[in-house]
Amino acid sequence: MATGVEESAPPAVEEDEDRAVLERVADGDAEAFALLVERHQERLVRVCTRMLGDREEARDAAQEAFLKAFRGAADYRPRGKVYTWLYRIAVNHCLNKLRRRRIVRFLSLSGPAEGTGGDEAPAFDPATDAPGPDDALESRQRWQRARRAIAGLPPNQRAVLVLARFEGLAYKEIAEVLGITLGAVESRLVRAMRNLSAAMEDDAAKENGA
Amino acid sequence: MDRQDERELLKLLAGELDADETRRVRRRLAEEPELAAAWERLRGTWRRVDLPSEPLPPGFSGRVMAQLRDEANGRRGVAARLALWRAPAWAQAAGAAMLAGGVALGVVLGQGLAPELLPLPAAPSTAVERVAVEAPEAPEAPPNEVAAASVSDAVPALDDEEVLADVYEDDYDGYLDSDGDTLADAYLDALSSFGEGESS
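Protein chains in written order, with our numbering: chain A, 119 to 328; chain B, 20 to 219.
It is worth saying that the hints were derived from the structure and are not from the lab. Given the structure is predicted, the values throughout are model-derived calculations rather than measurements. Incorrect hints may appear among the rest.
Which residues of chain A face chain B? A partial, calculated answer using Cβ under 8 Å [stated by the list, open to error]:
no.: 1; residue: E160
no.: 2; residue: R168
no.: 3; residue: L185
no.: 4; residue: G190
no.: 5; residue: Y194
no.: 6; residue: L255
no.: 7; residue: Q259
no.: 8; residue: W261
Covered stretches of chain B (in silico footprint by chain A; criterion: 3 or more residues with CB under 8 Å from a CB of chain A, positions within the stretch not fixed) [claimed, not checked]:
no.: 9; region: 21–35
no.: 10; region: 39–46
no.: 11; region: 77–85
Glycine included, every Cβ here is placed at the ideal spot set by N, Cα and C.
Modelling step: build the complete structure from the supplied sequences, incorporating the hints.
Structure representation (structure tokens):
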């Protein structure tokens, strides 16, 4: 598993329970669906927030992903894990949103605002548990830099990075979520890291120059 | 550092190497200063790409369930409205008979009418049809112009991003290039490179 992640994959027992719950959802059991939402809401809201960079849009995307899961539960085939299936629905939904954003931006012929990476949505400013005001400021600046750098990545690279770095999925699981080969996962992650490194260096140079 | 080393270091970072591979790469890191420097840079970037933990929005699951109920109620409402239109079998048969009788009467009457009293042909709807009706004496347009008009009718307007996105999603979904990118990804990456100078 990746280091520095918030949550790793659920254990096998939970996976068995998930499948039992999903079978009931496939029969139209609303109570079972509520249970599925309770179990996975944190994961889906988080991945959508990191994909889209906007809290409100992410909440709507996660909600829509759950409803798609409800509608598609009868078609679920137990080849992969339930949580990777849910990730797949949510990430695909976010990728479509990001692609549409880019097309709208291209067609409007207006580039991103200066100092932003591209798909960046309005910034959120979460509370920090840093001990002093200077530390808190530093944390916020670090997050802003990271957010700008991630927002500058093409959506396909962003998806791989978010799943590997923040969701702690193994390459095999990422390949399953995105429907790509292991080689493609590696390649996208390498390109994402190169782009991030360059973007963060540029950002630091601008800050130092300012 | 070559591409293979870069991939291997990233796998070490992401916990993708088994115990033997990890030992082998760690040994190399101890022996090769250039590789060790690359490792430190990569690890530094990985650590700096840090985002705060967002709390779950309050009442999220309630909202999802409310939306599900709304959708279910909406579907029931549509089903109920459709049911109102369902007539008993005898009424459906009577309706069909009346419709058939009306059509037959129309045909008989139509045959007896003078040509000038017959209904006019439908108004032209496409650009090509309008050209044909409004300028009957004009020389025939070259075939390529007609083809161009037909194509412009068929192609979705460029400002309809939903249509464009769907075209690329539906038509080219499943296509992968050598890097595993879909054609839609490649197309969009090219668009953004053109629009923003973004490198990927």
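Cross-check of the supplied hints:
no. : hint  : verdict
1   : E160  : holds (5 Å)
2   : R168  : holds (6 Å)
3   : L185  : holds (6 Å)
4   : G190  : violated (13 Å)
5   : Y194  : violated (17 Å)
6   : L255  : violated (14 Å)
7   : Q259  : violated (11 Å)
8   : W261  : holds (6 Å)
9   : 21–35 : holds (count 9)
10  : 39–46 : violated (count 0)
11  : 77–85 : holds (count 5)
Violated hints, listed in ascending order, are 4, 5, 6, 7, 10; each of the other numbered hints is respected by the structure.
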